[in-house]
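Q: Sequence:
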Amino acid sequence: MRMLIVEDEKDLCNILKKRLQKDYTIDVCMDGEIAKDYLNTYTYDIILLDIMLPKIDGITLLKWLRNQKKTTPVLLLTAKSSIEERVNGLDSGADDYLIKPFAFEELQARLRVLLRRNIAADPSDILIYEDLVMDTKKKKVSRNGKEISLTTKEYKLLQYMMRNPGHVLSRDQLEQRGWDSTFEGGSNIIDVYIRYLRKKIDSDYEKKLIHTVYGKGYCLGE
Numbered sequence: 001m002r003m004l005i006v007e008d009e010k011d012l013c014n015i016l017k018k019r020l021q022k023d024y025t026i027d028v029c030m031d032g033e034i035a036k037d038y039l040n041t042y043t044y045d046i047i048l049l050d051i052m053l054p055k056i057d058g059i060t061l062l063k064w065l066r067n068q069k070k071t072t073p074v075l076l077l078t079a080k081s082s083i084e085e086r087v088n089g090l091d092s093g094a095d096d097y098l099i100k101p102f103a104f105e106e107l108q109a110r111l112r113v114l115l116r117r118n119i120a121a122d123p124s125d126i127l128i129y130e131d132l133v134m135d136t137k138k139k140k141v142s143r144n145g146k147e148i149s150l151t152t153k154e155y156k157l158l159q160y161m162m163r164n165p166g167h168v169l170s171r172d173q174l175e176q177r178g179w180d181s182t183f184e185g186g187s188n189i190i191d192v193y194i195r196y197l198r199k200k201i202d203s204d205y206e207k208k209l210i211h212t213v214y215g216k217g218y219c220l221g222e
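Per full-length UniProt numbering, numbering of the sequence shown is gapless, rising by one per residue and ending at 222.
To be clear, the hints were calculated from the coordinates, so they are not data collected in a lab.
Positions of the beta carbon are idealized from the N, C-alpha and C atoms, including for glycine.
Take the hints with a grain of salt, since some may be wrong.
Stated by the list, open to error - When the alpha-carbon atoms are kept at most 20 angstroms apart in a straight line, the in silico EDC-like pairs for lysine to aspartate or glutamate are as follows:
id, residue 1, residue 2
1, 137, 33
2, 18, 106
3, 63, 31
4, 137, 105
Said to hold, decoys possible - Here are the simulated distance ranges between beta carbons:
id, residue 1, residue 2, range
5, 68, 196, 29 to 37 angstroms
6, 9, 37, 43 to 51 angstroms
7, 170, 149, 22 to 30 angstroms
8, 33, 131, 43 to 51 angstroms
Using the sequences and the hints given, assemble the complete structure.
A: Shown next, in the form of C-alpha cells:
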C-alpha cells in the first residue's frame with residue numbers, strides 16, 4: 001500500500017511517517033503545489049491531506065484531484081472543528097476527516113475502514129489465493145497452514161500481488177508499492193525481491209504461484 005501525506009507541520013509529518021511506514025510505503029510533502037506534482041507522477045492507495053497548506057490549500061487540491069477523476073480515498077486532517085468546515089471538506093470529495101489533535105489508534109482505524117471500502121474485490125482483512133493466506137490486520141502470511149516470515153518490503157509486494165491476482169504487474173507498478181519517491185530505481189531490485197518471495201512461498205511446493213511474464217512483469221497465478 002502506498003500513501004501520500006500532505007501536511008505542513010514538520011513534526012507531525014515525521015511522527016506519522018515513522019509510525020505508519022511499517023504498513024505503508026510513504027511519500028511526504030509539505031505544500032499543495034508539490035503534492036500536485038506527486039499526484040501527477042505516482043499512484044496512491046490512500047491520501048492524508050491537511051486543509052491549511054501553503055501554495056495550494058487542501059480543499060483546492062482535493063477538488064482538483066476529483067476533477068481528474070481520481071478516486072483515491074482521502075482522509076482530511078484539520079484543526080477546524082466547525083460543522084461548516086467539515087461539510088465543505090466532504091462535499092469537496094473527501095472520504096473522511098479527522099480533527100487535530102487526534103489519537104493515532106483512531107487514525108489507523110479510519111485508514112483501515114477507507115481501504116476496505118475502496119477494495120471492491122475483497123473488503124475483508126483476509127486475502128486468499130489458492131492455499132496462500134494473508135491476514136492484513138495481524139500482518140501474518142501462511143501457505144497450506146504453515147506461517148511464512150516476510151520482511152516489510154516482501155510483505156508490501158506480496159499484498160499488492162494478492163490484491164491483483166491474475167493480473168500482470170510491471171516492475172514499475174511493483175516498485176511504486178515497495179519504495180518511496182526517493183528511490184531512483186534503475187536496478188534489478190524487483191527481480192531480487194521476487195526471488196526472495198519465491199523462495200519463501202513456492203520453493204517447498206510443487207505448484208508455483210508466482211510467475212514471470214517475460215518482457216512484462218510478474219503475476220500471482222496463471
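Q: Take the hints in turn and mark each one as holding or not.
A: Going down the list of hints, with the structure as the test:
no.: 1; hint: 137 / 33; verdict: violated, 34 angstroms
no.: 2; hint: 18 / 106; verdict: holds, 16 angstroms
no.: 3; hint: 63 / 31; verdict: holds, 16 angstroms
no.: 4; hint: 137 / 105; verdict: holds, 13 angstroms
no.: 5; hint: 68 / 196: 29 to 37 angstroms; verdict: holds, 36 angstroms
no.: 6; hint: 9 / 37: 43 to 51 angstroms; verdict: violated, 20 angstroms
no.: 7; hint: 170 / 149: 22 to 30 angstroms; verdict: holds, 27 angstroms
no.: 8; hint: 33 / 131: 43 to 51 angstroms; verdict: holds, 48 angstroms
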